[in-house]
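S.K.: Here is what each chain is made of, one letter per residue.
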Amino acid sequence: MTIKVQTENFDAGAEIAEISAKSTNIGGVCSFVGLVRDSDDNKSITAMTLEHYPGMTEKQLAKIEAEARARWPLDDSLIIHRYGRLEPGDQIVLVVTASAHRKAAFEACEFLIDWLKTKAPFWKSEETPDGTKWVDAKAADDAAADKWEE
Amino acid sequence: MTIKVQTENFDAGAEIAEISAKSTNIGGVCSFVGLVRDSDDNKSITAMTLEHYPGMTEKQLAKIEAEARARWPLDDSLIIHRYGRLEPGDQIVLVVTASAHRKAAFEACEFLIDWLKTKAPFWKSEETPDGTKWVDAKAADDAAADKWEE
Amino acid sequence: MKILYFAHFREKANIAEEDVDLPEGVADVTGLLNWLESRGEGYADAFADRDHIRVAVNQEHVEFDAAVKNGDEVAFFPPMTGG
Amino acid sequence: MKILYFAHFREKANIAEEDVDLPEGVADVTGLLNWLESRGEGYADAFADRDHIRVAVNQEHVEFDAAVKNGDEVAFFPPMTGG
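Respectively, the protein sequence lines represent chains A, B, C and D. If you're matching positions, the first sequence starts at 1 in my numbering and goes up one per residue. If you're matching positions, the second sequence starts at 1001 in my numbering and goes up one per residue. If you're matching positions, the third sequence starts at 2001 in my numbering and goes up one per residue. If you're matching positions, the fourth sequence starts at 3001 in my numbering and goes up one per residue.
Where hints are given, some of them may not hold.
Said to hold, decoys possible - Have a look at the derived ranges for each label pair, beta carbon to beta carbon:
# : chain 1 : residue 1 : chain 2 : residue 2 : range
1 : B       : Gly1089   : C       : Val2062   : 43 to 53 Å
2 : D       : Ala3067   : A       : Ala143    : 23 to 33 Å
3 : D       : Ala3027   : B       : Lys1043   : 35 to 45 Å
4 : B       : Pro1054   : D       : Arg3039   : 19 to 29 Å
By construction, these hints were calculated from the structure, which means they are not laboratory data. Glycine included, C-beta positions come from ideal geometry on N, C-alpha and C.
Could you build the full structure based on these sequences and the hints that come with them?
M.R.: Here it is as structure tokens:
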């Protein structure tokens, strides 16, 4: 169970390998890497800056991870979230989950990314040809987070 | 869109990095690594040997991958499946999917692993303290594959 | 009380962080917002659309009826957009 | 016709692959299974439990009523356990 909030890039393969090696009873390791896109809704994006709330971010991510581990039998889990200025193609976030069974690994991984989208105190501003603007929260992200509330 | 059926190990991180770099409009890369477990149902497993049907395997995996790409807007996808003798902790299978949006990446990745479990001609035999035996197909795997038929 | 402003709240109020003494009668988040708005145009502009204000007290996300007191750390920010 | 046997079918029939000439009257998978069973104890043992037989003709998964003819590649195997 690891949380890292950092400006530096990360090596998804190294993290997956480290988690995979933690127990020989892990049957599946699911991972998700979120990347900066060069456009959204036909609007081109040259860079994205992520701001966060140091202290609260780590607490919220730890809470979300604890919730995942209460819901699914996980051998391990990891969240790495970057902040600062990033460009298209750059990695933003990594979530890794390991379990004896694949269904738990998949569900927990998707849950973690869905919840951190709406419950971790990060804010994004995008640089576009029309200037820099704050990214609005998306209704689709709220809906994705809410589906785990049942 | 890549299919590899091989005895050699694979580098999940290198594959994820290669796929992530294919387009700067990829927003999410989901991956799943399946590993040999050291036990199942309290029975200890010292090794697993995977046999497959060369020719048909590649065709079936290509069909399954084409189905995923028809159902979800994927920028890329990859399946690597090993065969031969493997030991606990060894990697068996890798599935990677890339899409502009995370939901498509997650669903397609889970779909690919669910379908290849029951539709790709692989068979496993396990070495246990009681001898070597063929692994029976699991009802849970059939159910997981069926949920995508709707 | 320490107050933190994030994203467009920081830009509009033109401040990232400040220490304030709570005036008498301010006991919850709504009261705090009303008082802050009265402190100048930047604050008034930042807090005009209350539907889009999210608040944390001592790093816990809370509603507007949550109590606040001197010594607390209060943060104002828009809906989160992580991931 | 080329016949391939996988997993426990290969072990019980004690053969991985063979070329056979289809006898007259054998036109579908069920007919082929009946004929193979008559060829010896190993085959009979392998094919006793038909519920657990899966078959591919020319590398396509088919049902027992599928047609077979000389020149085809037919494979017998148990339910698949990939991944």
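S.K.: Now tell me if each hint is right for this structure.
M.R.: Consistency of the hints with the structure:
no.: 1; hint: Gly1089(B) - Val2062(C): 43 to 53 Å; verdict: holds (45 Å)
no.: 2; hint: Ala3067(D) - Ala143(A): 23 to 33 Å; verdict: violated (50 Å)
no.: 3; hint: Ala3027(D) - Lys1043(B): 35 to 45 Å; verdict: holds (44 Å)
no.: 4; hint: Pro1054(B) - Arg3039(D): 19 to 29 Å; verdict: holds (25 Å)
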